[in-house]
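Novice: Those protein sequences? They're chains A and D, same order as listed.
Add 8 to a position in the first sequence, counting from 1, and you land on the number used in this note's numbering.
Add 7 to a position in the second sequence, counting from 1, and you land on the number used in this note's numbering.
Derived from the structure by calculation, the hints contain no laboratory data.
Just so it is clear, the structure is predicted and the values come from calculations on it, not from any experiment.
Incorrect hints may appear among the rest.
What the hints assert, rightly or not - Computed beta-carbon distance windows for the label pairs:
| # | chain 1 | residue 1 | chain 2 | residue 2 | range |
| --- | --- | --- | --- | --- | --- |
| 1 | A | C50 | D | R191 | 32 to 42 angstroms |
| 2 | D | A307 | A | A151 | 42 to 52 angstroms |
| 3 | A | V25 | D | P127 | 36 to 46 angstroms |
| 4 | A | R22 | D | Q28 | 26 to 36 angstroms |
| 5 | D | G46 | A | R22 | 28 to 38 angstroms |
| 6 | D | V233 | A | V90 | 44 to 54 angstroms |
| 7 | A | C50 | D | P311 | 28 to 38 angstroms |
| 8 | D | P188 | A | L94 | 48 to 58 angstroms |
We put the CB at the ideal spot given by N, CA and C, even for glycine.
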Amino acid sequence: MSNSISLQINGARRELVLDDPRTTLLDLLREHLDLTGAKKGCDRGQCGACTVILDGRRVNSCLTLALSCDGADVLTIEGLAVGDKLHPVQAAFIEHDAFQCGYCTPGQIMSAVGLMLEGHADTDPERIREAMSGNLCRCGAYAGITQAVLDAQARMKRQAAAGEAA
Amino acid sequence: MNRFDYVRAKTVPEAVAAAGQAGTAILAGGTNLLDLMKGNVVQPTRILDITRLPGLSEIEISADGGARIGALVRNSDLARHAKFAGAFPAIAEALLSGASAQLRNAATVAGNLMQRTRCPYFYDPASACNKRSPDAGCDALGGDTRLQAVLGWSEHCIATHPSDFCVPLAAFGAIVEIDGPQGRREVPFDAFHLLPGTTPHRETALEPGELIVGLRLPAEASRFAVHSRYLKIRERTSYAFAVVSAAAGLRLEGTRIVEARLALGGVALKPWRASAAEAALAGREAGQAAFAEAAGLALADARPSGDNGFKIELACRLVIRALQAAAKGTPSRPTALPASLVNLA
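If we strip away everything but chain A, and leave its shape as in the complex, we get:
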């Protein structure tokens, strides 16, 4: 079977040939495409640092075989901001001091974006914590992360409402 795949990554079409079928989506992003935002923490699906959005939903890219993604649409942390304008989730993470070392942050942010894309936005902090439980933060910035997600949801809701009014 051919090892060439076609992917839409952060809005750009990429035609890729994989020299090794073992390549995970995470390795493809980091080693082949120089998109190093997604992190290799545990590499076993336990920490969430590698979280990206695959066809509209968040997955652990470390447990996703790149060849099986042929034809898919991938969104990474590098595809969130528009020029210098941060995505509301990115802005809220800064505002709420939702990180310390920052290693888990791209995964946390993509997980929060995925949570909203999947339609699970909620004002109950308990539900947000549960929905974000696949992302570990060893600095323990969870309180800020929860607040950032709640705030980003509210901002995006306001923006959407303003957009509809205009």
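With the hints as your guide, set chain D onto chain A.
Specialist: Then chain D, alone, in the frame of chain A:
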């Protein structure tokens, strides 16, 4: 991870033909398979990607209340399917209590049935494991046994089945639809996973070349919808396997139990349906006396496989809590922490 060839099946017959070849592993969500391959626990020489197979991603609810779930339906899609979750709330609750959002988005329902035990000795290629290599011995015996089985284990294997989803599937009598070289066949859920006996490397009823194409829930299973719960005790609030878990369903007339369904997770190498307890509950008043008796019957044959006698008492108490919660009624909205005891009265 060892090198392998990657092939993609376009049709079910093509997948069946390819699946029977030696050294082949089937890839769907990949959440367990890739993990096992990275740890060199399994070393397939060929990966058969079945994610593109047509017609296996549908959820159908029939007019009589039964359901058919395609093998490739993602766990999150099934859990959030409003009609399905309404008819089978304990199954949705079990799904939402398992793994993380990322994993549920990738993992398929058939893959959930096929996932391997999380016994640490199975996961460690340096340890002896009869499941990984037949007749190698079992280093779990006399080792770290805290989370191992208390029901149905043998001297050859004391591991547990890790699934949440499979526990209510056992309780509500799901049917596994299989396709293979000899054609289609169906296996009742209770006969799908095998107890270890002397052959712990044989884990399911699947024969070489066979694959799961779907799951069915009989219409009668939806009659428990208003009194169904799945409860799970784990070592952290979220994103952890069950120490013990229980799925309970009741059909009530007033306060009298007409029919009960009960299964346990985390206690054996298969989801453990408690048929004797179900029978004893029928006709009884829903309450502490009947629930305690049912719990005793459910764990009557339990014995520690090491330093895990606590799981027997814990499972007894959890059965009582699950039956109490089911009797109280299915929550109108899934709880903030699915399957958690935190929000129980």
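Novice: Any hints this thing doesn't respect? Which numbers, in order?
Specialist: none
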